[in-house]
Amino acid sequence: EAGVTQFPSHSVIEKGQTVTLRCDPISGHDNLYWYRRVMGKEIKFLLHFVKESKQDESGMPNNRFLAERTGGTYSTLKVQPAELEDSGVYFCASSQTEMSEQYFGPGTRLTVT
Amino acid sequence: AQKVTQAQTEISVVEKEDVTLDCVYETRDTTYYLFWYKQPPSGELVFLIRRNSFDEQNEISGRYSWNFQKSTSSFNFTITASQVVDSAVYFCALRPDSNYQLIWGAGTKLIIKP
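Chains as they are written, first to last, in this note's numbering: chain A, 45 to 157; chain B, 4 to 117.
You may find that some hints are simply not true.
Only some residues are given here: those of chain B computed to face chain A with a beta carbon under 8 Å [as the list claims (entries may be wrong)]: (1) Phe38; (2) Arg53; (3) Asn70.
Since the hints were derived computationally from the structure, they do not count as laboratory data. In this text, a Cβ means the ideal position worked out from N, Cα and C, and glycines have one as well.
Working from the sequences, and respecting the hints, build out all of it.
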């Protein structure tokens with residue numbers, strides 16, 4: 045069974061540009077989560093989807109971040125316009141139910157210059 | 004407050020030594036879950052264990068063992084007879100029952116020298 049996959053693995057963009065990160069969860073997992081780790085800080089929760097619905101987006105830092113999960117399968121996280129402080133590693137995770145353990149993808153390293 | 008503290012930033016031991024990674028948590032929820040994840044140099048976060056707040060039994064899985072003590076709000080992780088392949092960053096995380104987001108510790112970088 046394939047694990048959680050994320051694309052791209054690394055993205056380097058200039059300040060002010062737009063970047064879209066993609067996450068494909070484990071097949072059959074209704075729950076999808078986004079987290080990020082900016083340099084020197086803890087991993088922080090961004091948001092949680094149950095199927096295509098946003099269950100909790102309390103961790104989204106500001107309105108430059110937009111997450112979607114059309115059809116309840118893969119999810120995208122768009123940053124527009126990107127700022128220097130957005131640099132970090134963005135992790136996606138999925139779980140079968142809200143109660144079960146979350147399995148993580150390899151992360152996308154975003155560098156904003 | 005909901006918080007996880009991993010006070011050890013980095014630990015370095017020689018192969019075959021035992022090593023314990025500390026994790027202390029704070030939560031106002033009576034029901035909660037604790038996790039350990041491993042992040043090898045390749046970068047992915049690998050799930051190791053989940054423990055719920057009603058189960059204080061220690062768990063052993065091969066060379067790995069976990070000691071959960073509610074009295075001290077700790078969930079420590081011990082690797083017995085460490086190996087070079089155990090070198091990684093290890094994260095402890097808390098999930099309160101009131102929501103489904105993981106609250107993470109800062110991680111402990113474990114270096115196992117041959």
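Now the hints, each set against the structure:
no.	hint	verdict
1	Phe38	holds, 7 Å
2	Arg53	holds, 5 Å
3	Asn70	violated, 19 Å
In this structure, only the earlier hint numbered 3 is contradicted, and the remaining ones agree with it.
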